[in-house]
Amino acid sequence: MREKKVQSGYNFAFLDEQSKKEIRRRMLKAVAIPGYQVPFASRELPIARGWGTGGLQLTMSLIGPDDILKVIDQGSDDVVNAVNIRKLLVLTTGVRTTEDTREATLIQTRHRIPEEPLEDWQILVFQVPYPEPLRRVEPSEVKTREMHAEADYSRLWVYLYEDIVRWGEITIGAQYPVMVNGRYVMDPSPIPRWDVPRLNMAETLYLFGAGREKRIYAVPPHTRVEPLQFTDYPFRVEDFRGKQCALCGSADTYLDEIIDDTTGARRYICSDTAYCAKRRRLKEEAGENA
Amino acid sequence: MNEMWDISWFDPVYSSQKVFRQLLDCMARPGKIAELRGVEGESRDFLYVAALALTLMDEETTFATLGPGWEEFVSFCKFYTGSRPAAPEQADFVFIDGDRPGPDLIQVRRGNLLFPDQGATVICRVNTIYPGAFQAAGEGIVLRLRGPGVPGERELTVAGLTRENLACLEKLNSEFPLGVDTILVSVQGQLACIPRSSSMTWC
Chain W
1 MREKKVQSGY NFAFLDEQSK KEIRRRMLKA VAIPGYQVPF ASRELPIARG
51 WGTGGLQLTM SLIGPDDILK VIDQGSDDVV NAVNIRKLLV LTTGVRTTED
101 TREATLIQTR HRIPEEPLED WQILVFQVPY PEPLRRVEPS EVKTREMHAE
151 ADYSRLWVYL YEDIVRWGEI TIGAQYPVMV NGRYVMDPSP IPRWDVPRLN
201 MAETLYLFGA GREKRIYAVP PHTRVEPLQF TDYPFRVEDF RGKQCALCGS
251 ADTYLDEIID DTTGARRYIC SDTAYCAKRR RLKEEAGENA
Chain B
1 MNEMWDISWF DPVYSSQKVF RQLLDCMARP GKIAELRGVE GESRDFLYVA
51 ALALTLMDEE TTFATLGPGW EEFVSFCKFY TGSRPAAPEQ ADFVFIDGDR
101 PGPDLIQVRR GNLLFPDQGA TVICRVNTIY PGAFQAAGEG IVLRLRGPGV
151 PGERELTVAG LTRENLACLE KLNSEFPLGV DTILVSVQGQ LACIPRSSSM
201 TWC
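Respectively, the protein sequence lines represent chains W and B.
Counting from 1, one number per residue, gives the positions in the first sequence under this note's numbering.
Counting from 1, one number per residue, gives the positions in the second sequence under this note's numbering.
None of these hints come from the bench; they were simulated from the model.
A hint or two may mislead.
As the list claims (entries may be wrong) - In silico DMTMM-like cross-links for lysine to aspartate or glutamate, where the CA-CA straight-line distance does not exceed 25 Å:
no. : chain 1 : residue 1 : chain 2 : residue 2
1   : B       : Lys-32    : W       : Glu-119
2   : W       : Lys-214   : B       : Asp-58
3   : W       : Lys-143   : B       : Glu-175
4   : W       : Lys-214   : B       : Asp-25
5   : W       : Lys-278   : W       : Asp-239
6   : W       : Lys-87    : W       : Asp-100
7   : B       : Lys-18    : W       : Asp-16
8   : B       : Lys-32    : W       : Glu-103
9   : B       : Lys-171   : B       : Glu-59
10  : B       : Lys-18    : W       : Asp-66
11  : B       : Lys-78    : B       : Glu-139
Chain B on its own, in the form it takes in the complex:
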């Protein structure tokens, strides 16, 4: 059995509650960074996306993964959450690597004017997320967010996210209230959200 398939670190009642509260806090305060402390275990590529899947997904939801390398994660989600794989344009949750091109990303569901909440949730795996403009490391994109939940402007630096994917997310969210809500999650467990209500610029 693969190491990833051990989920003893995740308590279905208490871990999911902690992860959710951090998610909610980040969604209500776009660009704010949280550390997934409800989840224990050493950093592994799939640990934190798995924690989000276990927190949010069940038999009533569908999901899609974009780009290569997610095969084992798909099996994991099917087995442990009961969520069903679907085409990117139909899925409730869409997983993508921030640094890999996702040509299908532009197709994901944005909801409709009667039910904009049917827009997908995009879970984007990145390398690291720093608060503020942190370009000392010479890597990463500085994101500036404005809108509900942000007093004035909030900056964060994301490493492992391409400008193409960002531009795609911006395009998906160009017709509020239609759009997608993005959860950035780093392989180190940092979490930040970009709901569709945020407007963003980057450099």
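With the rest of the complex left out, here is chain W:
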């Protein structure tokens, strides 16, 4: 165990043990009160606040030498934010990394849930920019905390109602507010609507960390997570009917729209790049064997 210690000049996983202890205590409380935002003393890290420091501090407090780590940013393993976070974690822990969702024990993500199903031995850590779902209707932290205490979400419901009056449907795309365990309204971080149903009654533990806003919250497995909706205006996910991934041909994944600068042509590719690559590889192999 100890021979895995890497010589980075830092403590294992960068954070000092007392910081980890505090974050661990908060995580346990977050899990015990699903959807409730637990305050914590967010630490300084070698990346700026607002760039995933919340998720990073959770990962640093969770990770052990036997973990297999995956870090994604908007579904991609190769984007700068994910690459830098992965580098820092590898430098200070020496853990194995992977791009394969099915292999990772610990996944840190910015704004996506991987397409492939997650299991009970995996943990998904979200980077959260704005943890407070009531902020769009109330600027004061003192007031929003009171509103959560009293489970008073009427102003958010009015906001959603007015959205329908104005636009004919609820216009919140990413960051769609959800009710957790019938008690707390929670911001699921800016994941697309596509991913929201996958928070409900999942196998995996979901942990959310907001570094700049200094909040930790959680959705344990097998927990009810319901998007806020009206019976006559039910929640719906993004509509990709008639579209498919230009690379792997997938028609059942969340797609990014790419617009060609010169021709203006639109095409779609999988947001989960590792899954897309895996599908292409499987296709090729099947082609070779045929």
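With chain W held as given, fit chain B onto it using these hints.
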């Protein structure tokens, strides 16, 4: 020096990480049982509660012990974690023997509606924890848990836990989100959690 005071078996970085991950897994899946395998050494009365104290407690926390027999453990915690003893109604962590009456248990902190996370963590030492309903041994209470983290219902059998203490925990958790989160830890190193979000029945 007492044998209990040797903590060479506990690596502050790697043991605490392993113990924490098992704790988190059990807290996220109430009633699931883990074996504290990050902790080596033969079974001793205080070994596993000490491992939990070393994992969770530091100078920023306070703790209380309920019932007799904890005096040496109090000194241990003060010395090795820096945590300070406090009255049961103020402590962050409350240690209790499951089979001993804890009249003060009903006083422990449940947090408030603005900050329910300030509710205490109760660390309850028991004899053994078995998965499922295991009454063959003729001892133990069968606990049935429901709520977040539990697909349907999860059963576990706990030996060394009185119905009075259970009833007290249930009462403390009757006003969610206020409440306490309980860690059951057996003298053999088994671990199971009952967060406040769980509803429980027993027989």
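Assess, step by step, whether the Cα of Lys-87 (chain W) is no farther than 25 Å from the Cα of Asp-100 (chain W), and give holds or violated.
Between Lys-87 (chain W) and Asp-100 (chain W) the Cα gap is close to 17 Å, so the pair holds against 25 Å.
Hint consistency between Lys-278 (chain W) and Asp-239 (chain W) [alpha-carbon to alpha-carbon, up to 25 Å]:
holds (24 Å)
Would the pair Lys-78 (chain B) and Glu-139 (chain B) pass a check requiring their Cα atoms to be no farther apart than 25 Å?
Roughly 35 Å separates the two Cα atoms, so the pair is violated.
Please work out if Lys-214 (chain W) and Asp-58 (chain B) have their alpha carbons no farther apart than 25 Å.
holds (20 Å)
Decide if the proposed pair is consistent with the structure: Lys-32 (chain B) and Glu-103 (chain W), CA atoms, cutoff 25 Å inclusive.
holds (23 Å)
Hinted pair Lys-143 (chain W) and Glu-175 (chain B), Cα distance within 25 Å
holds (22 Å)
Straight-line alpha-carbon gap Lys-171 (chain B) to Glu-59 (chain B), limit 25 Å:
violated (30 Å)
Is the hinted pair Lys-32 (chain B) and Glu-119 (chain W) satisfied, with a Cα-Cα distance of at most 25 Å?
Status holds; Cα separation ~16 Å.
With the threshold set at 25 Å, check whether the alpha-carbon distance from Lys-18 (chain B) to Asp-16 (chain W) stays at or below it.
holds (16 Å)
Below or equal to 25 Å on CA atoms is what counts here, so check Lys-214 (chain W) against Asp-25 (chain B).
OK: Lys-214 (chain W) and Asp-25 (chain B) at ~23 Å, within 25 Å.
Given the hint that Lys-18 (chain B) pairs with Asp-66 (chain W), test it: the Cα-Cα distance must not exceed 25 Å.
Given pair Lys-18 (chain B), Asp-66 (chain W) holds - Cα atoms ~10 Å apart, limit 25 Å.
Hints 9 and 11 from the earlier list are contradicted by this structure; the remaining hints agree with it.
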